[in-house]
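Q: So the protein sequences, as listed, match chains V and W. Under our numbering, read the first sequence as residues 1 to 274, first letter to last. Under our numbering, read the second sequence as residues 1 to 618, first letter to last.
Relax, there's no trap hidden among the hints.
Covered by chain V, according to a simulated footprint, are these stretches of chain W (three or more residues, beta-carbon under 8 Å): (1) 91–98; (2) 569–577.
Within a straight-line C-alpha distance of at most 25 Å, the following computed BS3-like cross-link-like pairs (lysine-lysine) qualify: (3) W/K564 to V/K71; (4) V/K220 to W/K34; (5) V/K57 to V/K158; (6) W/K91 to V/K34; (7) W/K34 to V/K221; (8) V/K34 to W/K564; (9) W/K91 to V/K220; (10) W/K27 to V/K220; (11) V/K71 to V/K34; (12) V/K222 to W/K34.
Derived from the structure by calculation, the hints contain no laboratory data. We put the CB at the ideal spot given by N, CA and C, even for glycine.
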Amino acid sequence: MKILVPLKRVSDPDNANKVKVTGGKLDASGLEWKPNPFDEYAVEAALRLTENGTNTKARVGEVVVVTFGPKEAETTLRAALATGADKAIRIDALDDALDGDVVARALKALVDKEKPDLVLLGKQAVDGDSNQVGQLLAEYLGWPQATFAASIKSNADKALIVSREVDGGALNLKLTLPAVVSVDLRIVAPKSVTSIHTPATHTYPDGVRFAALMAIMAAKKKPMTEVKLADLVTDAATKIKYTGFELPPSRKAGIKVKTVAELVEKLKNEAKAL
Amino acid sequence: MEKPVQAINRYKADLRDFNFLLFEQFKLQDLCGKAPFEAWGEEEIRSSLTECYRFAREVTGPLNAIGDATGCKIENGRVIAPRQFEDAWKKLYEAGWISIGVSPDHGGAGAPLSVAVLTLELLAGSNAAFAMYPGLAHGAGEVIAAFGTEEQQHLFCERMFAGKWGGTMCLTEPHAGTDVGSAKTTAKKNADGSYNITGTKIFITGGDHQLAENIIHLVLARVEGAPPGTKGLTLFIVPSVRTSPDGTLGERNDANVASIEHKMGINGSATCVLNFGENGKCIGWPVGGEEKLNQGMPQMFRMMNGARIAVGVQGVAVASSAYLNALEYARERKQGSSITHWKDASAPRVPIIDHADVRRMLLDMKCRVEGIRALAVKLAFHRDAVSVYGATDEKVAVYHQGQVDLLVPLVKAYGSDQGFRVCETAIQTYGGAGYTRDYPVEQYCRDAKIFSIYEGTNHIQAMDLVGRKLGQAGGANLQSFLGDVSKFVAAQSSHPVLGDAVKRLGKAQEQVGATAMRMLMWFQSGNLGMVPLSANRVLEMMSELTVAWLLLDAAVIAEEEKKKVDAGHPDFAFYSGKTQAALYYARNVLPGVEFKGKLLEEEDKSPLDIPNEAFATV
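Chain W extracted, bound-state conformation:
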């Protein structure tokens, strides 16, 4: 008989690390109290994280396995998300966590992004599938808030931010995935200024569900006569239920779900095929009105930047809970004796955390989770600095925005890649138990796989990095970044505990600089095949450099703070953990940066040289 899935929370987070990042490493308190964050202080931030964590454990967390087991289904042409999500949706919007970063003009709390990425981590980590529904509604609302006409903002934003209406982003078509410019959905103008939308979109997250009374699709479509490629795409607002300007709901808008995907993970999240205008009655309006035709891609990118950060955060969110669950298991599960008693069959059994290889896996997970979280908060902190200094100091704002642009592909791709790998290591830590549904890590692993694929595959992120971001602003953003690392290396290379690791960081920094030059040379010399072949590796090198830097920076702070507390103090252990995580990463991961740089110099082209028919004989 099938075991019933119970509403038990397995989600865990280490808020001490969250608070360390915000208040000890990045010093968010220096931005707090300043416009636009006047309402925010340390106490509000700590209370918000504590309360949001409670929400994650008590509301969304207990539904994680249930959503996975129940999945979504179609009844009478409508998608039914897991029933238990209805109550969670209502509670989530009552509590207000999704719109924590939304401007108060649209009913949000206007929190710094540094805080919003951490509340997102709590929600996505406790239930990745559920968090997709409000996440997409929020992202679509942000696009309308940024580009919509005044009437569109008035009609849609607050309703979408308050959870009354949901939202989606509709880019992908059956033949237009990564190649979004070949989209075939069309828009034909009507006499009243609206457009008739016709086409099919696939992989639409939250494309239909019963949690909100209306779902506002943002649909990329080509107006008749518009140029081919991405330049001819317009973003349309297509409500699933037609509305009058005061928000009263009318008849359905001929935007219908054709089917839902059956997936490896995030099974509680409805991934839909949507047909627009099957009966010729699907009406939409261009975001921003008639003068914004063919602006679909830049508008969509606004949403995608936020969404890419969010996906990187999803990666660390799920990985973090996988790590903390594996840690709990390793502390309790007894198996084998200490290796010092290996000849004595009657030696006492020890918890597996006492075994060297388990400790290696635990520390490996810890440094990746904490390092990627630091990377995400660093990006968010730069974004918050733009918000604070943008109006008064252009130079400072340009620097911070440049770092945001540079870090987005790193957060998305490294966060999602490593997030999945941490989940895999967590299963390995459990052993056979981790492969069963009695423990949460197998679901985490299945859920996490999609993160490296959607929102632009990680190769797209790597191409964004090497093709756009490294050379952006004439390479100034990269130069500032490498300069920041240099300053840290210069200041800390004779640190008594961390000095050797910091010197190694310096070498990796030089290597990343040299590799960036090599990429440029490949571009200039027409050696274009090497660019996509190397892009993922370059992104990885740069991510590892950044994560090592942030972990070492944290360890420098931790070493100082550790002196202020005695050995029995809980913070003493916390700070010791910071040092060991940084040392482990610097000794075991960071040296790979130099090595990978050397590999790139060899210009291996075997994947290009191998004939198609040589891959296999079948």
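So that you can see chain V by itself, here it is in the shape it has in the complex:
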């Protein structure tokens, strides 16, 4: 099976307090970048589908990772190569010039070239939290889609059973490949991904696998290609126009009230919460 995994780098969510707004624009300087966690889960799930879990060095499929970004974004791709992905593509673009729609249209063009059996991606990126790309891409491709996958069963290479958590249980969907699947965090639980290549008795460690030192060293020998955004989409106009950014106002210090009556009065007249 050939799987395409779109990856996004996001500013480290642990350092959200370092985000700055300059002149109504997000200022990315000095931010530390990390792979979007949901995309890391997608890479992990893709690797599990294309290997024998008892001998992960022997690949039985192909995982292609792709990202949109400047040259520095290749670090994110290399990290994915170091955990086991087979090849990487960087679509040269700046974050400012992208929205979910341009990304989905460019990915459609890339899918037409790469011809993967499956596009596996995170349900959303933890910076903009838009949650659009997977759905738009499936629509543009005319492929079946399953979103928020909590488990994936691949019994034969031509179909998947995807389980998504819904209120009160799990909804199981059967998809005929090719398809688009977006994943939720539970996809990296020990038994969430099952495939014909891995014995049913095998249990994965919880979470995303470590990159071994030797794999980090070998990652730079794996293929990394650059594609221009303009080579994929003739119309790179975004549908979403950002008119401005501002930081949320800092919280005002609280006050102590002396009586319940005063509290009610303030809730009613000042906070207008009653």
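Starting from the known structure of chain V, fit chain W onto it as the hints suggest.
A: Frame of chain V, contents of chain W only:
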């Protein structure tokens, strides 16, 4: 009821500082890409540190308190290390972090030592006790790689570097600790060329455990008829399980654990008493074969140099996490009001980081941790320069190797001494909470105490410095070192922010030079009692000079770089921290160098003059 110990990671590291040292201060990128580091570039190094840190937080870190609470035990004559270490051992070798610096010929990644000391910091800081097992296996493997016969290398090295087999170094005996030359373990030659080993070794780290299927002991023993003292010691390879040349395991080798120590700290690390040849059936082979008899000490020193660097790194590793944990606590814990509101009982409570004395403790810890880390990386960088330039430029290589030799006792002794003291300050920062097991710093403090004792006590390091290293190469290494400091002082003494501190560095440099002359004079004039009495103080003076220099050098770089970023940029705060750490150390620690030099001139001999019976009446 006993509180169950949970697998929670408390380990923290500031990778920004790691990357600063490598790429902004020492410029390791200038050595990268050159043989033998062709495979290494900035991106590989940054990725390795990031990934190794993740490993430390997710695998070894969560087991730190568990290993401490569980400890080791003996069952059926075999040591059982904490069970959770089994999985960590397996994962560690899958990930490859221990052999990051090992030559690719033996299955390693061939990284610069500058990188390897930092990955070691991550592993040792997250779990000092656990890291001892693979650390010793690695050190013993390095000795066989350096001195073993081809067959020995083939049989042992790759298996030891891959974690299939463990390893130990067996020097100490009940009556032969610091005085290793009085070792009584004997070796008697057999008809087939092997030797029968008989004797008892104590304090053997990782002397037995269930993490590897075989443990390769390196044992110092005296062959029958060999001269007394260190000159008659041979290093023997003694596997705990006998092996055939293809590595197939056979029967056990009569090298048995008699007991384990019950210690103050590093409780997850098994410290063993080992009996060799109790039943007359312990077989060993000299490292390097028959022609290397009586070469045990120089061979062991090869391992000890690496091990001494590693112990200094352990010191800074544990101290660094103690500091960062205390910092986190100080930011969150509210207690008392600002001193500006001292009369107002209803003034808002403030986080303790707002209190002056807490800030002093935090900055004191910061400058020591970052300064010692810089010292360790400086040593490693010199070693890497030898690796790169050794083959082509002998003069350059001699200079760099000289600095390595000079700095080893400083890294070991100052790193371990100060590491413990930083842990103590961290507890003080927490207050009563720090004394409880709810927070990690009391364990850090207990774990860190051993660092100043093992691998040659810190007094042995001080004697190595004053007795060997200061005069090594006719004093050329010291002269080069003092010259390097002078150059920095000359270049930066009118720096607008750091100038005064740099001038003070110049005075300390002069004092260290003068003190070195005084030591020489004591040697020459037969005033020998003053040498060991003063050695620790001299090592401290020289360490403080070096650390102050490195902190100021970092601050000069930081002041330049700070101009390139605006005040809201995270790097702006980082660089400001570098400047303040250097200023604090230069103003509060560095002046002590001159003062200590003056004390030495007084030649106080009261510890020698006091009669033994005058120490106490009991």
